[in-house]
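Just so you know, the sequences run in chain order A and B.
For reference, each letter of the first sequence is one residue, going 1 to 312 in my numbering.
For reference, each letter of the second sequence is one residue, going 313 to 589 in my numbering.
FYI, nobody ran anything at the bench for these hints, they're computed from the structure.
For each residue, glycine too, the CB sits at the ideal point set by N, CA and C.
It is possible that part of the hints are untrue.
Unchecked claim - Calculated lysine-lysine pairs in the DSSO-like style (CA-CA distance at most 30 Å, straight line): (1) A/K298 with A/K239; (2) B/K444 with A/K33; (3) B/K547 with B/K495; (4) B/K477 with A/K33; (5) B/K417 with A/K153.
As the list claims (entries may be wrong) - Here are a few chain A residues that sit away from chain B, every Cβ distance over 12 Å (derived from the structure): (6) A16; (7) H118; (8) V134; (9) K234; (10) P268; (11) K298.
Letter by letter, the chains look like this.
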Amino acid sequence: MADKKATRESYGLALAELGEKYDILVMDADLSKSTKTDTFKKKFPERFINTGIAEGNMIATAAGIASTGRVVFASSFAMFAAGRAFEQIRNSVAYPNLNVKIGATHAGISVGEDGASHQCLEDIGIMRTIPNMVIINPADHWEAMKAVEAAVKYEGPVYLRFGRLAVPMMFDENYEFEIGKGVTLKDGTDATIVATGLMVPEAVEAAKMLQEEGLNVGVINIHTIKPIDKDIIKAAAEKTGAIVTAEEHNVIGGLGSAVAEVLCETCPCPLLRVGTQDVFGRSGKPAELLEMYGLTAKNIAENVKKAIALKK
Amino acid sequence: MNKNEIALHAYKARKHALTGIFNAQSGHPGGSLSICDILSVLYFEVMNVDPKNPKMEDRDRFVLSKGHCAPALYATLAERGFFPVEDVHTLRRTDSYIQGHPDMKGIPGVDMSTGSLGQGISAANGMALAGKLSNKDYRVYSILGDGELEEGQVWEAAMFAAHYKLDNLTAFVDYNGLQIDGKITDVMNSEPIDDKFRAFGWNVIVIDAHNYDAILEAIEEAKATKGKPTMILAKSVKGKGVSFMEGSPAWHGAAPNQEQFDQAIAELDATIKGLEA
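The following block holds chain A by itself, in its conformation from the complex (with noise of 0.2 Å):
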């Protein structure tokens, strides 16, 4: 088994595997092979549906084909996804609460060569101010794969986040995946790290290097930012009085935001951002922008000092 893989890969995987077990239906506008939705198209060319090269009448065209009562996945990169089709999404979609699942790869700034007008780092701020819409943002394969059928299994709006650059593999088949609902991968006691999405492993990595240091610091991974898990992220407040999110998104409006709605309304405590900061993206390689751009373990470490010494 591969030590790594992208999240995109997994839908992919995920859907060819369930369209074994359930009748959906997947779309494309013509980007089927990045967005690996041809994995599902060559066991299934029946149940797939291409659009070309038209985001907006995908999303509204599924939501009438979901208003018949089939499931339907509706896929493109998270810009045009979330960006282009933002409100096909808002009314074809959430509004009639309909059972659409978007497939929104290519999320991020690791999208890397092909720059600021493909790395959607908006997408997470954008669908959470949507009622009736469910934002999971995994962050390795097997929570991808676990995601995918949980979004089958749901009655309503998915929109299902991944990434192009291949991720290390953090959880196992027996992972159990729960929409809503943070997963704490280590307790600490000092601070806690609350992160989502390939923003995970350096959470952890992170982790490692404040305890050699002789901090104790817990590790949340919030794989749905909405509904986010409010318990979680208050116990960890109350224990640990300090916190630090990490996202590849903007830090306006996603899992920073999304964060520091609940620290403020349940246990107000000094919080750090460690995302893109309010800025575009560029060309470049993937790991290259990763560090340029301050999505590193060092740097969630740095704000994890400074977040403790904000408690003084």
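Given the structure of chain A, go ahead and fit chain B onto it with the hints provided.
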């Protein structure tokens, strides 16, 4: 059902739609009045629907892509027995379920929530394609505005319907030539509409939107047309049935005052009386 009865439902629907708009002092009378005849033919003669079981799985579907003309749809659904006609008169009120634009979750008989132009026709495509993929023989109907054709998504949907050979889809354009800011040809000329849809691979029929025989014949032709969707360009009079509203863009989104309302109702009542005689 004979033509007279279809017309009677259409004119009663006009009256209820206008009453709702007047009570709310808000809504879109012009385009609502222009589509009442098509809606009456669809709901009283053509579509397989059951007011007692609005979510019947194999029902024919209707999507009002020009969602702002919801009062006409509500009034027709009420005439058909989906809910009391009095409810149409509570349009756009906080204490009513009759929303400003079609709401499929809260209003019996509404098959798709619409209001943002260009999206309804895509949803209708989705229903039609799902019908084919699920081996259902229901048909899907939709009405677009001619102004709505300026939305790019309509043409994405037009490509899609032809590509997937959605011959179970019949769409209408409420072809009244007017939009909020004036004449279609002045604001953004979408002509020639018939040639455009033909070029996109549709079967195109041009009719008078207020001629019941023509509407019915066009629908029959659409049913008989295999391998492609049908677009019925229905030449209509915006504000049809109320003399001072006819052919005026000013009545696109304005409610009548008491005096205008009284005159409108008097005119519609006279027509209804004539049809009942």
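Hints versus structure:
Distance restraint check for A/K298 and A/K239: the Cα-Cα separation of roughly 24 Å lies within the 30 Å cut-off, and the hinted pair is therefore satisfied. In summary, the hint linking B/K444 to A/K33 is supported, as the alpha carbons are separated by about 26 Å, within the 30 Å threshold. The suggested pairing of B/K547 with B/K495 holds, with an alpha-carbon distance near 14 Å, which does not exceed 30 Å. This hinted pair checks out: B/K477 and A/K33 have alpha carbons roughly 25 Å apart, not beyond 30 Å.
The hinted pair formed by B/K417 and A/K153 meets the criterion: a straight-line CA distance of about 21 Å does not exceed 30 Å. At the 12 Å boundary, the C-beta of A/A16 stays outside the reach of chain B, the nearest C-beta of that chain being 18 Å off. The claim that A/H118 is not at the interface with chain B holds, since no C-beta of that chain comes within 12 Å of its own (minimum 21 Å). At roughly 17 Å, the least C-beta separation between A/V134 and chain B is larger than 12 Å, which holds for a residue marked as non-interface.
Chain B leaves A/K234 outside its interface by the beta-carbon criterion, the shortest separation being 33 Å against a cut-off of 12 Å. Remark: the non-interface label on A/P268 is consistent with the geometry, its nearest Cβ contact in chain B lying 36 Å away (cut-off 12 Å). Under the 12 Å C-beta cut-off, the non-interface status given to A/K298 relative to chain B holds; the minimum distance is some 46 Å.
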